[in-house]
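Engineer: From just these sequences and the hints, can you work out the full model?
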Amino acid sequence: MSAARRSKNRLAEKILPTLSIVAFIVAWQLFVDIRHIPPIYLPSPLAIVQALIEMIEDGTLLFNLGATLARILIGFLLAAVIGIIFGIIMGMSRLFERIADPWIAALYPLPKISLIPLLIIWLGTGEAYKIVISAVTAFFPIVMSTYAGVRQVDRGLVKAAEDLGANRRQTQISVVLPGAIPTIFAGLQLGMGVTIILVVAAEMIGGSSNGGMGSLLIQAGQVMETEKVFAALVVLTLMGAVIIKSQQWLDRRLAPWANMS
Amino acid sequence: MNISVENLRQVWEGRNGSEVVALDGFTHTFKSGRFSCILGPSGCGKSTMAQIVGGIETATSGTVTIEGAGVGKKGSASVMVWQSQNLFPWRSVLDNVAFGLEMAGLSRKERSERAQGLINSVGLKGFERHYPSQLSGGMRQRVALARALIMDRPILLMDEPFGALDAQTKIVMQEELMRLFDETKKAVIFVTHSIDEAILLGDEVVVMTARPGRIKEVIPVDLPRPRSIEMVSTPAFGALFDRAFHLIRDEVTKAMQEQNAAAGALA
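Protein chains in written order, with our numbering: chain B, 1 to 261; chain Y, 1001 to 1267.
Since the hints were derived computationally from the structure, they do not count as laboratory data.
Just so it is clear, the structure is predicted and the values come from calculations on it, not from any experiment.
Be careful, since some hints might not be right.
[To be verified] Partial chain B-side listing against chain Y, Cβ under 10 angstroms, derived: (1) Ala160; (2) Asp163; (3) Ala255.
[Stated by the list, open to error] Pairs of lysine to aspartate or glutamate, EDC-like flavour, derived with a Cα cap of 16 angstroms: (4) B:Lys159 / Y:Glu1067; (5) Y:Lys1031 / Y:Glu1067; (6) Y:Lys1074 / B:Asp33.
Every residue, glycine too, gets a C-beta built ideally from N, C-alpha and C.
Structural biologist: Okay, structure coming up:
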């Protein structure tokens, strides 16, 4: 294969992902225009962009997105702090493990979203309920992977550390904890994923108090502002992608050794 | 600092309650400043023996007496270099080498200086900031060696340290180890299943029997030091090789027959 042809192939490989999206949007626009689809069912991409610009200009997007992001951040941080602490204690203390094990085993498979009615009874439909439901859901993957990471630490490393004079406490801090970091990060990524889902779901069910992307979606849907629904979905997609990518970037910065081949 | 090992016996309990005698009646004195190679078929308990001397494993019965090591906790007179290196993947080369000093509470400045000295002496200058996963197998084993030598303990235990290296890297590492040994003169207990390696490195070769492991014969190696890889082709080396080879061949055959019998019993 000639060099020119090879570089052409590489170029094609680079632009293909973008090209496929552009082609899809163009086809969508043409389909809506040619077939005269009513915008209530399927608005055109241009109409969606227009709705998006309007939402940015009148401030509804910033307000709702801000509310959702704040809930995600608080719920996730709560789950992360409590989950990691619980996981570490479970992994290091046999006693605590025995006490916590039946609870985790029983509650882990329960779909956390089914707790929403109970939480609304207890906490109302305000901020507390949205944060609690997302934190409770994210807590489980985080605590499980922290526990697994602590338990599955390489025995050889522990033996080596002890041989080099580390006492029990030093071994736990300098070997067991850093050894568990890749598994803990994997749990945090799962936790972030479910936090996003649960915050938006809680906003959809909890009504309009204090906004949020979920309540924006529901309201737009109820009055059949379909282009607003699509605009909100686009924003949610981008938000999720940005959050997950930033988290992966942060993980690589904090533990560069974990991703090396 | 001599190490007297007396009547070591190690029994592992199998899952179904059966017992495996890994080591039985191992008695030997490892002399200070001497390089002792432990040679034996796989599964003969030679690694277990080294780990017991290092206080890493506890023997079922028998005693390990380290002359002059009355104080300090078990294993504090020795340090182990592992076949799998057991480097900490989240620590740079420098921080891996300095690990023992950090645990002992030395200041960052002091431990960095000493670690740098050892990194230089094992030929890893310029790789201080690398992580273990960025190094080749040979380089990782150098880090492991530096991490052990920095402890400056009188006994160096090495459990098949070059077993996983390719042939060329192995030769280079063997020559470096000989140079370092000539400089430091520690008591070295070097576990290997390579006859060449045992004769090339050792002042004595302790040949072990197949499981249960005990000493079959101790071959003194009187090749002059400093040693080099060229000695492998001398008649003196050849004679020692033959002697060790015949001892070990019987044991390997015996070990294989036992494995076959065990496999047959399962089938």
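Engineer: Would you mind marking each hint as holding or not holding in the structure?
Structural biologist: Structure-based check of all given hints:
The beta carbon of Ala160 of chain B is positioned within 10 angstroms of a beta carbon in chain Y (closest approach about 4 angstroms), and the interface hint is therefore held. Residue-level restraint check for Asp163 of chain B holds (minimum Cβ-Cβ distance to chain Y is 5 angstroms; threshold 10 angstroms). Taken as an interface hint, Ala255 of chain B checks out: its beta carbon lies about 7 angstroms from the nearest beta carbon of chain Y, inside 10 angstroms. Proximity of Lys159 of chain B to Glu1067 of chain Y is assessed by CA-CA distance (about 24 angstroms); at most 16 angstroms being required, the pair is judged violated.
For the proposed pair Lys1031 of chain Y and Glu1067 of chain Y, the alpha carbon gap of about 10 angstroms is at most 16 angstroms, so the pair holds. Taken as a hint, the Lys1074 of chain Y and Asp33 of chain B pair is broken in the structure, with Cα atoms around 83 angstroms apart against an allowance of 16 angstroms.
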